[in-house]
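With chain E's structure known, arrange chain P on it following the hints.
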Amino acid sequence: MADDDYWNTSETKTKAFSFDDDVLTPQEILAIGQKSYPGQSENVFTSTVSNAKTTLLPLSSLVSSKVLDLILLAQSGKDPKDKPEPEQTVAVTLKRLVLGRSFLLHTHRSLKSKTELLDGAVAIGDGNAILTVVLFLIQTLNKKLVYELLSSRPLALNHYISFLQTEGKITDLTDLLTMPGRSPEAAVHQFQHIVKTQGNSVEGLLRKLNNLLSNHFNQPGVDTHQTKMVTDYVKLLEWQKCANKTELNNKSTLHCLSYCCTHHWNEGAGNMMSPLTLCQRQQVTPLQYDWVVLNVHANSNKWDIVESLFTKKDWLGRTTVSSHIPMETLLSRLSELSASKQMLATCLNKIHNSEDRLRLAQKYKVHSVVIESLAKQKDRSTLTNYKMTLNPQSEEYILADNTLRDASIKWKN
Amino acid sequence: MDQPLSLKLASLSQISQHKLEKILDQCGDKADLIIDPSLIKPLERICGVSWLRQHGIEKIYKMDPQLGTTANIIRVYLIPASIKKYKCVLDQISSVLSQNPSLADAKCFNIIIAPKVISTFDSILENRGLYDVVKLHSFSWELMYLDDQLLSLELPFIYKQLFVEQNHSLLSSISMSLWSLFHVTGRPKCILSLGKLSASVLDILEVYNESYSRDFISSESSQDIGALIVMDRDQDYASSLLTPATYSGLLSEIFDISCGHLEVNGNDTKLKRGKLNFTTTAGNPGKNTVITLDSSLDNLYGEIKHRHFSEVLSVLSSKAKLLKNEDIKALGIKEMKEFVATKLQQVTLFKQNLVNHVLVSETIISEMNNKFENLTFTESEMLNNRNKKSNFTYIDENFGTDIHIYNSLRLMCLLSLTQGLSYEEYNTLVSKYLIAFGYRFLYVFNNLITAGLLVQPSSPKLSLSNLGNLSERLPRWQNEFQTVANKLKQLPSKSDDGKSPSYVFNGGYVPLVAVICNALLTSEALVDVLSKLSALSDLKVGGTVIEKLKDGMETLNEKLSNLNLQNDLEFGCRDAKSILKTLKADKLGGFSLKPKTILVYVIGGVTYAEIAACDVIQANTGSRIIIASDCIASGCDLMAANT
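Those sequence lines, one after another, are chains E and P.
Its first residue numbered 0, the first sequence is counted upward by one per residue in numbering that gives the first Met the number 0.
Its first residue numbered 0, the second sequence is counted upward by one per residue in numbering that gives the first Met the number 0.
If we strip away everything but chain E, and leave its shape as in the complex, we get:
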């Protein structure tokens, strides 16, 4: 933001950011803060910072040495030296698991003992213990039994799913999720795995996603909108395959659209690289289309195109007189993109509510509209005050002056 803009914005703005009048401007504060004193050197700060650090208590006055040993013992997960190895009951094993000590799971051979281990781990809630027990069950029981145990213990099941996912064991995961009602979840897990492992390879993604669509996203229970999104993904990848530009590979629809707007703006509908073709293909909403066009062309200073956007036929063939972008948002963006005051004025004049128009004109400092609105409201005193804020001899100042002297206006004050 330009320096001189800064304080003015905060003055006009909302009550959330209002400041007292006798408050120094940030520039004034900075000027005071940055004035140097004799003897000041550049590296003063770092030394002051370290000097200012409080002296810490010595360890010995924080905890006794006995306790300190205990804390170290707990971190290491080792056994206290004096303790004999107790018998391997379920409770003892679980406790050792939680404490991170070495453990022997193989002594638990009966299904009862295994089930108790699992239930105990789930009850304590330590994920490390839960996962260790689940993996032990997988090793020592057949899959059908394990899946039965897991299906009634969601916490344990989640840990196993999370493990299979981070390990990339996607086949096992799909196998696990063939349980009733879980297939939509399996489809999404597979999807996530594919997009995280295929990188930006369009060919690879297309192959895998097509496979996924026909094998998993057509299952009953899978949300139809999700399936549509994956189908649209495939469509976009096919477009990218044809476009054959490395910089567009696996980029988003709007990213591709902004590329088309920059490089293929004049290509007509039907042409593959035309922005209109891409919009139709990927069902970009008119709002999103307008937003991209506005930003792309304003950023490259093609304001003529931006202007024509307000009065042109959109890609559906409808004649529009205004943008799909709501006026307030449009104004805010235009102002950020430093559009001309004239353009801002054109937009403002489309706002029918006079109070809104005046408020926004003041916010974005479109003086001509402010003056005109105040004249329409016949509010002489506000206009007189406003004139004082303008730069004398400026065009706006003269306009305000002339308006105030206009004999045809019947001022209310």
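The set of hints was computed from the structure by calculation and includes no laboratory data.
The reader is advised that the hints may include incorrect statements.
What the hints assert, rightly or not - Derived lysine-lysine pairs resembling DSS-like cross-links, with alpha carbons at most 30 angstroms apart:
#1 Lys195/P to Lys77/E
#2 Lys84/P to Lys168/E
#3 Lys195/E to Lys274/P
#4 Lys386/E to Lys375/E
The following block gives chain P in isolation, referenced to the frame of chain E:
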């Protein structure tokens, strides 16, 4: 041993340092430290480079998969507990071994994992044939004292693991951090827990207590903390999703903060980074500044951190005026000498802080100014379940225009939790998001649903087959969110006495932690606290306050043998509803609480707004509230963890 509590908490780093020392002792002399970049800042809070040199570290490298040969044979890796990073280190070790097989017997590979080695790490090691070749060490550093009354483990990946991946492997690290802390401060008499994870943390804490009980210092020796509140992040998502109005809250919305250090990278901000980029030119990488957010080093920050942002510039301005009056020109030679000797450093530092705060405030204004009012207005409409249609329109427009990869999702989640989204509305937003950022983000919405941030509306076709759902489709006067929030008085009415903690969200909402603290601090007895908080369904109670209610002491062994699947373990804490019933039936209620100091521990990241809200409560009640968490996370960070 009776030192001020703040000094004790700041000194916890000494225990961390001692823990690291013992690990390095086992790694041998003349070693190279290879550190994951994300752990550099936390490590700096525990020890310096010269300390590392004194303890056998010769060279320090940043972990990089392409790292070649290093100066010494002995390698000490320091990484966070992430399977991906762990495997990357193992790959590197394998490739070193393939070039020099004799190293296998040299016992020269060490991996230190923060906060702990989980048992799958062990089996991966064995699986790769590296058992006994590589030694794994757990490094469970203590809570770090980032700022006055603010403690953090600085493990920012915990939220993602616990809530998104539903992997609770590191939960015991939270228990351990509390267990160590209580050796220094003494155990709190009263413990409240809210949420399943919190209950588990207390159960695991009890396992630690039981296992090491014979050596625990007697609870009378130190009583610094009267009560402990542990809460799961998902019990109050609104406090993460809402836009904060405080200075520190807004800082965390816009800048990256890690370990209490705020980084300013030229013009780059979190807000800009998350938006669609339509320019081809990369922004110029401006000057880098680091600001330390610690009131003990920067009084000015201490003064403004919890202020509503609208007040910040006037405070800064008045400070500048004071400085101006202290103009040096007015001083004589003698005074000048004295000034240089005593006050110059202080004044210079103060000026630097002043300049930094003004610069970041300017950034906040330029980034938020145009949007702040509409945004906070819409948020407050959502909270109070008003004008759902125009709230949706606001969000829909945001998704169609100035969409942000994280903050837009945040608005969607807030609307979903407070007023709900229909199937069509939900899908409209999903489509727009995916068109903007790429269809590959489809899984993000499933993550948000898993984490409880988003409620998936059922497809209308499916719900027609289920008549029970008909009532859900009718407009409702109040949603569950408002029902609970109203019972707990979290939604203030317009007439505000100026002392309400709701100012942290521009008067719209009181964070749940502040409500619970207030209930604890303003009640005579436990029965009052539990009655006030009866709207909370996952509340549990632990500590010595309920010891008299226990039917004798039960060990873990006994608990487990009486376990049945439907019930929780209730080892470290017990269901509040049944306790309330017992207390009322026996006309007990007489457990006097009156804690002077409360420790609040949020599992899954606390926000600066919540910290500020608790500050109001402590000022109103003349008590002290210490906040702890695994990290300080803004709503933006929460969303990032779901992608």
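Identify every previously stated hint that the structure contradicts and give their numbers, smallest first. none
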